[in-house]
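Following the working numbering, the numbering of the sequence shown begins with 1 at its first residue and continues without gaps.
Don't take every hint at face value.
What the hints assert, rightly or not - Below, computed lysine-lysine pairings styled on BS3-like, alpha-carbon distance capped at 25 angstroms:
#	residue 1	residue 2
1	LYS44	LYS89
2	LYS49	LYS90
3	LYS89	LYS49
4	LYS90	LYS44
Derived from the structure by calculation, the hints contain no laboratory data.
Just so we're clear, the structure is a prediction, and the values are computed from it rather than from any experiment.
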Amino acid sequence: MNTPTHSEDPYQDVPTAVVFDLFAEAANRLIGRLAHLSDHAGTKAERDKWWAMVMQLRNTRHAVPAHDREQLISYISQWTRELEELESKKRG
């Protein structure tokens, strides 16, 4: 995979190791929210759905190479959006 150009890389001046830390933090925040939703689900089916999402996200987090900036940044964006959507539904 190619490294994003500077215009595509919001972390252009950030070392890849730090981008990886931000990736891990985004994953952990979303996992925490999904686990909370699973713990407080009203039905077993709903609980299982949220927990399956936790496990899928954990598997993805472990599968992404720490040096692949493009994937790291892509997942940071995706997971941040997903967390924001879950938080806005919580408030709404």
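Return the numbers of the hints above that this structure violates; sort them in rising order.
none
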